[in-house]
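**Student:** From first to last, the protein sequence lines are chains A and P.
Heads up, the first sequence is in my numbering, so the first residue is 1 and it goes up one at a time.
Heads up, the second sequence is in my numbering, so the first residue is 1 and it goes up one at a time.
By construction, these hints were calculated from the structure, which means they are not laboratory data.
A virtual CB, placed ideally from N, CA and C, is assigned to each residue, including glycine.
Each hint should be verified, as a subset may be incorrect.
Some chain P residues judged to face chain A by a derived CB distance under 7 angstroms, without partners named [as the list claims (entries may be wrong)]:
1) 4
2) 6
3) 10
4) 37
5) 50
Derived Cβ-Cβ restraints for the label pairs, each shown as a range [said to hold, decoys possible]:
6) 330(A) to 62(P): 33 to 43 angstroms
7) 80(P) to 40(A): 17 to 27 angstroms
8) 64(P) to 110(A): 28 to 38 angstroms
9) 88(P) to 433(A): 36 to 46 angstroms
10) 497(A) to 25(P): 51 to 61 angstroms
11) 278(A) to 62(P): 36 to 46 angstroms
12) 117(A) to 60(P): 21 to 31 angstroms
List of simulated lysine-lysine pairs, DSS-like, C-alpha gap at most 25 angstroms [stated by the list, open to error]:
13) 28(P) to 45(P)
14) 134(A) to 37(A)
15) 58(P) to 25(P)
16) 46(A) to 45(P)
17) 87(P) to 28(P)
18) 58(P) to 46(A)
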Amino acid sequence: MGHSAGAVLSGLGVGLSPIAGEVYKVAPHTSLPARAKHAGDAQKEKASLRSAISSVAQHLEHLMTKVDQTSVEIFEALKMLLEDEDLFETATAEIESGWNAGSAFEIAVETFAELLAGDAAFEERIADLRDLAKRVHAEIFGIKLGLDIPETGKYILVGDDFSPADTAQFTPAVIGVVTIKGGPTSHTAIICRSRSIPAVVSCAGAKDLQSGERVLVDPVGDRVVVGGDVSLATQSIEFVAKSADPIIPVRANIGSLEDAIAAATTSANGVGLFRTELLYLSSTTAPSLEAQAQSYAEILSASPEGPLVVRTIDAGSDKPVPFLDMPHEENPALGVRGFRLIQEHRSFIEDQLKSLEIAREKTGREVWVMAPMISTSAEAIEFAELARKLGRFKVGVMVETPSVAAVLSDLAGKLDFISVGTNDLSQYLFAADRMNAALGTLLNPWQPALIRTLANIAAESDAAGLSSGVCGESASDPAFAVVLAGLGFKSVSSSRSQVGAVRSALSSVTLEQARAIAQAVLKQPTAEDAKATALSELASL
Amino acid sequence: MSIRANVVIQDPIGLHARPAGQIVKLVKESGLEVLIGPEGGEMVKANSPLRMMAMKAKTGETLSVEIETDDQALAESIISQIQDFLKG
Numbered sequence: 001m002g003h004s005a006g007a008v009l010s011g012l013g014v015g016l017s018p019i020a021g022e023v024y025k026v027a028p029h030t031s032l033p034a035r036a037k038h039a040g041d042a043q044k045e046k047a048s049l050r051s052a053i054s055s056v057a058q059h060l061e062h063l064m065t066k067v068d069q070t071s072v073e074i075f076e077a078l079k080m081l082l083e084d085e086d087l088f089e090t091a092t093a094e095i096e097s098g099w100n101a102g103s104a105f106e107i108a109v110e111t112f113a114e115l116l117a118g119d120a121a122f123e124e125r126i127a128d129l130r131d132l133a134k135r136v137h138a139e140i141f142g143i144k145l146g147l148d149i150p151e152t153g154k155y156i157l158v159g160d161d162f163s164p165a166d167t168a169q170f171t172p173a174v175i176g177v178v179t180i181k182g183g184p185t186s187h188t189a190i191i192c193r194s195r196s197i198p199a200v201v202s203c204a205g206a207k208d209l210q211s212g213e214r215v216l217v218d219p220v221g222d223r224v225v226v227g228g229d230v231s232l233a234t235q236s237i238e239f240v241a242k243s244a245d246p247i248i249p250v251r252a253n254i255g256s257l258e259d260a261i262a263a264a265t266t267s268a269n270g271v272g273l274f275r276t277e278l279l280y281l282s283s284t285t286a287p288s289l290e291a292q293a294q295s296y297a298e299i300l301s302a303s304p305e306g307p308l309v310v311r312t313i314d315a316g317s318d319k320p321v322p323f324l325d326m327p328h329e330e331n332p333a334l335g336v337r338g339f340r341l342i343q344e345h346r347s348f349i350e351d352q353l354k355s356l357e358i359a360r361e362k363t364g365r366e367v368w369v370m371a372p373m374i375s376t377s378a379e380a381i382e383f384a385e386l387a388r389k390l391g392r393f394k395v396g397v398m399v400e401t402p403s404v405a406a407v408l409s410d411l412a413g414k415l416d417f418i419s420v421g422t423n424d425l426s427q428y429l430f431a432a433d434r435m436n437a438a439l440g441t442l443l444n445p446w447q448p449a450l451i452r453t454l455a456n457i458a459a460e461s462d463a464a465g466l467s468s469g470v471c472g473e474s475a476s477d478p479a480f481a482v483v484l485a486g487l488g489f490k491s492v493s494s495s496r497s498q499v500g501a502v503r504s505a506l507s508s509v510t511l512e513q514a515r516a517i518a519q520a521v522l523k524q525p526t527a528e529d530a531k532a533t534a535l536s537e538l539a540s541l
Numbered sequence: 001m002s003i004r005a006n007v008v009i010q011d012p013i014g015l016h017a018r019p020a021g022q023i024v025k026l027v028k029e030s031g032l033e034v035l036i037g038p039e040g041g042e043m044v045k046a047n048s049p050l051r052m053m054a055m056k057a058k059t060g061e062t063l064s065v066e067i068e069t070d071d072q073a074l075a076e077s078i079i080s081q082i083q084d085f086l087k088g
């Protein structure tokens with residue numbers, strides 16, 4: 001069933017610019033049929049397996065023409081595994097014993113997966129093999145897997161939610177995105193924000209949109225309007241800078257040398273969050289102290305002027321570092337991650353701090369270091385003592401757990417600063433998994449419980465003499481950044497693409513005005529009311 | 001006749017997907033039957049990258065390579081290329 005023209009579908013907006021265009025609906029992934037026996041014609045099953053393998057191989061070849069050299073080698077290796085003769089023979093034996101072609105290939109892949117299991121070097125290959133088996137199985141049943149996005153034209157992509165593999169395939173033809181599930185911290189939202197693609201996420205009404213319909217994506221209005229054009233879009237507030245400097249400094253989030261170089265072209269005052277794990281996720285062995293110091297020195301010297309806040313490794317079993325042993329956990333968000341890794345990997349964290357100190361001395365930059373996933377004041381103090389022993393840093397911790405937020409007064413005189421990661425704080429405060437697309441509305445930063453918790457954190461930090469900042473996704477929203485300043489935070493750190501917008505918002509108000517807006521927002525009973533109040537207060541200035 | 005020689009794995013990750021793929025490509029192009037396996041252990045056909053990976057051969061291990069051919073020069077060239085692939 002479709003919507004009539006003018007229908008308004010509400011969701012959560014990402015970005016500030018509206019866009020209108022034609023819907024390109026991505027069908028939800030159809031599930032594969034369960035394993036089953038064939039009807040008795042083994043020859044026919046073998047032929048159908050052979051032809052499915054060759055179609056998938058052709059698809060891999062097609063992908064090779066569109067990617068860089070490194071990826072070509074990956075696809076070549078995949079094709080080699082797919083066309084492995086022993087694998088085919090193993091599958092043939094399964095067909096002989098009665099399984100249909102798709103099931104037989106999956107069983108054959110599992111046979112090899114078991115042979116390769118238990119060796120860290122093969123884990124990704126096993127995942128690749130299983131993915132290939134799915135593709136072959138899907139091919140046999142004529143099921144489409146993955147995205148098939150047009151490369152030309154202009155489309156508003158509409159779908160359930162998009163995984164990292166999906167967003168990697170976004171072509172320039174994707175001018176807007178609408179997701180039925182997924183919240184403001186979903187992968188889709190983060191990618192759209194960083195690539196400046198207007199989006200509305202968590203938009204349940206979008207499930208009835210059809211390909212070919214025209215819609216307006218109105219992120220400022222948190223809505224999609226069927227048949228609407230840009231003239232109907234909610235006007236984003238024009239922030240007119242009244243002073244040269246924002247009321248609190250706006251820093252940039254970075255994770256790599258490329259990010260640091262790009263951030264230096266913005267008006268960011270230093271770096272508020274340098275995610276160091278990206279430097280390690282692709283190495284199979286621990287980089288030497290010298291190599292780490294070299295990478296850090298390059299990034300520190302390329303970063304925008306101002307203090308640089310470096311977060312020590314934030315990895316866990318869902319985001320494993322290949323050379324650290326991270327066993328599978330039932331619930332990685334609540335497992336051994338961030339600073340908790342010090343139990344097993346103290347020397348790794350020490351090496352990180354030592355190499356940062358070498359880089360700090362070499363570049364002369366002002367380096368602040370902080371540890372993620374801190375739950376007690378004892379952990380915070382342990383990190384502070386370690387960091388002070390190994391370098392001349394300002395030291396702090398991330399506030400992501402409600403437990404550490406409750407004991408900030410115990411940290412007076414022990415730390416220099418704290419930085420709030422609002423994405424994780426929401427996840428732990430609301431007991432709502434960030435990765436669960438169905439829980440997007442709980443992760444809306446305008447939720448009153450989050451804003452009131454932030455108010456307490458800012459007040460407690462102030463009382464304890466700790467400088468407080470916010471580096472979560474919420475600090476990339478200009479209106480929210482004004483509220484954060486009004487609550488008493490001393491700095492914000494935004495996605496690189498949002499630094500300019502956040503800076504102009506924070507230059508358009510006085511601290512007194514920001515405080516008044518924050519007070520009005522704190523009284524609101526729902527996320528919708530809180531956001532509407534902030535926007536109307538800002539518009540009336 | 002068959003020609004046999006030893007190679008040593010120098011690649012720091014062992015016999016992983018890339019060298020296995022390179023060996024298979026070479027073997028298929030040669031059209032010869034090539035067996036590979038731990039010294040004195042069970043040999044597998046070198047036309048299956050998965051079968052070779054499943055040996056889980058590690059850095060520093062010695063592998064035997066056996067080639068069914070009368071062409072001594074060709075066999076030696078294949079063996080020296082396999083050794084190159086295993087250098088990482």
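**Student:** Are the hints correct? Go through all of them and say.
**Tutor:** Hint by hint, here is what the structure shows:
1. 4: violated, 22 angstroms
2. 6: For residue 6(P), the interface hint is violated, since the closest Cβ of chain A sits about 22 angstroms away, which is over 7 angstroms.
3. 10: violated, 15 angstroms
4. 37: violated, 14 angstroms
5. 50: Holds - the Cβ of residue 50(P) comes within 7 angstroms of chain A, reaching about 5 angstroms at its closest.
6. 330(A) to 62(P): 33 to 43 angstroms: 41 angstroms Cβ-Cβ, so the 33 to 43 angstroms window holds.
7. 80(P) to 40(A): 17 to 27 angstroms: At roughly 50 angstroms between Cβ atoms, residue 40(A) and residue 80(P) fall outside 17 to 27 angstroms, so the hint is violated.
8. 64(P) to 110(A): 28 to 38 angstroms: holds, 29 angstroms
9. 88(P) to 433(A): 36 to 46 angstroms: At 40 angstroms between Cβs, range holds.
10. 497(A) to 25(P): 51 to 61 angstroms: With Cβ atoms ~43 angstroms apart, the hint is violated.
11. 278(A) to 62(P): 36 to 46 angstroms: holds, 38 angstroms
12. 117(A) to 60(P): 21 to 31 angstroms: holds, 22 angstroms
13. 28(P) to 45(P): holds, 11 angstroms
14. 134(A) to 37(A): Holds, at about 17 angstroms.
15. 58(P) to 25(P): Judged against 25 angstroms, a Cα distance of about 21 angstroms means the pair holds.
16. 46(A) to 45(P): Roughly 22 angstroms between the alpha carbons, so the hint for residue 46(A) and residue 45(P) holds.
17. 87(P) to 28(P): holds, 21 angstroms
18. 58(P) to 46(A): Cα-Cα ~35 angstroms, so violated.
Taken one by one, the earlier hints fail for this structure at numbers 1, 2, 3, 4, 7, 10 and 18, listed in ascending order.
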